Amino acid sequence: ETGVTQTPRHLVMGMTNKKSLKCEQHLGHNAMYWYKQSAKKPLELMFVYNFKEQTENNSVPSRFSPECPNSSHLFLHLHTLQPEDSALYLCASSQEGGTGAYGYTFGSGTRLTVV
Amino acid sequence: AQSVSQHNHHVILSEAASLELGCNYSYGGTVNLFWYVQYPGQHLQLLLKYFSGDPLVKGIKGFEAEFIKSKFSFNLRKPSVQWSDTAEYFCAVRNSGYALNFGKGTSLLVTP
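Chains as they are written, first to last, in our numbering: chain A, 4 to 118; chain V, 22 to 133.
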């Protein structure tokens, strides 16, 4: 385990369903991120939260809705998704501030299939 | 547009061969540079990072990378690869804010 836990590991959902992805970090970090990893494409940044406040929304469609109730938990609420949204969704955390000399710690991801 | 380019999408090497994976970025100003590795079925792991100081950075598992500012490059190297190095390798750059911007990745297959 990396200290960043994502659940579920796999999710299959219909286009009319509503589901949520969960991420929890046990590292005391103050920033959390959602990335989308699709085949043959770079990892795409979706959302950034710093101290529970959203600091970036990278032009993500509104069918993806993030929630950060505290600095340890991050959710991604999904509704009316499209088949092209099928991908691996990765959560990451980092400790920001000071020299900024930190990298990310990633979770194992949720493999989402939209049918 | 700001971008991270990894030139080699698929690399196949025999064990004990030397490895060099290219990474170029187009950001100006101060950058933080990273290489991540993703072994089959596993999460992304940090191999090494550069923030300042010595441009030759040593990471885990015998990997190193050299930051060449004039070439906007941060190439990953390993003198002798092993079968267990089979994985996908991602270069990432951060120049402002908190976001890491990734390249498309290079898939490395090491054959016995």
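There may be inaccurate statements among the hints.
Unchecked claim - Here are the simulated distance ranges between beta carbons:
#1 Ser-41(A) <-> Ile-81(V): 23 to 33 Å
#2 Pro-72(A) <-> His-30(V): 34 to 44 Å
#3 Ser-117(V) <-> Val-118(A): 19 to 29 Å
#4 Asp-75(V) <-> Arg-66(A): 42 to 52 Å
#5 Ala-37(V) <-> Lys-25(A): 16 to 26 Å
#6 Val-15(A) <-> Gly-74(V): 41 to 51 Å
#7 Glu-41(V) <-> Lys-43(A): 14 to 24 Å
#8 Arg-114(A) <-> Lys-125(V): 18 to 28 Å
#9 Ser-24(V) <-> Arg-66(A): 41 to 51 Å
#10 Asn-73(A) <-> Lys-90(V): 17 to 27 Å
#11 Lys-90(V) <-> Pro-86(A): 42 to 52 Å
It is worth saying that the hints were derived from the structure and are not from the lab.
Since this is a predicted model, take the numbers as computed values, not measurements.
Every residue gets a Cβ at the ideal spot worked out from N, C-alpha and C, and that includes glycine.
Each hint tested on the structure:
| no. | hint | in the structure |
| --- | --- | --- |
| 1 | Ser-41(A) <-> Ile-81(V): 23 to 33 Å | holds, 27 Å |
| 2 | Pro-72(A) <-> His-30(V): 34 to 44 Å | holds, 39 Å |
| 3 | Ser-117(V) <-> Val-118(A): 19 to 29 Å | violated, 39 Å |
| 4 | Asp-75(V) <-> Arg-66(A): 42 to 52 Å | holds, 46 Å |
| 5 | Ala-37(V) <-> Lys-25(A): 16 to 26 Å | violated, 43 Å |
| 6 | Val-15(A) <-> Gly-74(V): 41 to 51 Å | holds, 47 Å |
| 7 | Glu-41(V) <-> Lys-43(A): 14 to 24 Å | holds, 22 Å |
| 8 | Arg-114(A) <-> Lys-125(V): 18 to 28 Å | holds, 19 Å |
| 9 | Ser-24(V) <-> Arg-66(A): 41 to 51 Å | violated, 27 Å |
| 10 | Asn-73(A) <-> Lys-90(V): 17 to 27 Å | violated, 39 Å |
| 11 | Lys-90(V) <-> Pro-86(A): 42 to 52 Å | holds, 43 Å |
Checked against the numbered hints above, the structure violates hints 3, 5, 9, 10; every other hint is satisfied.
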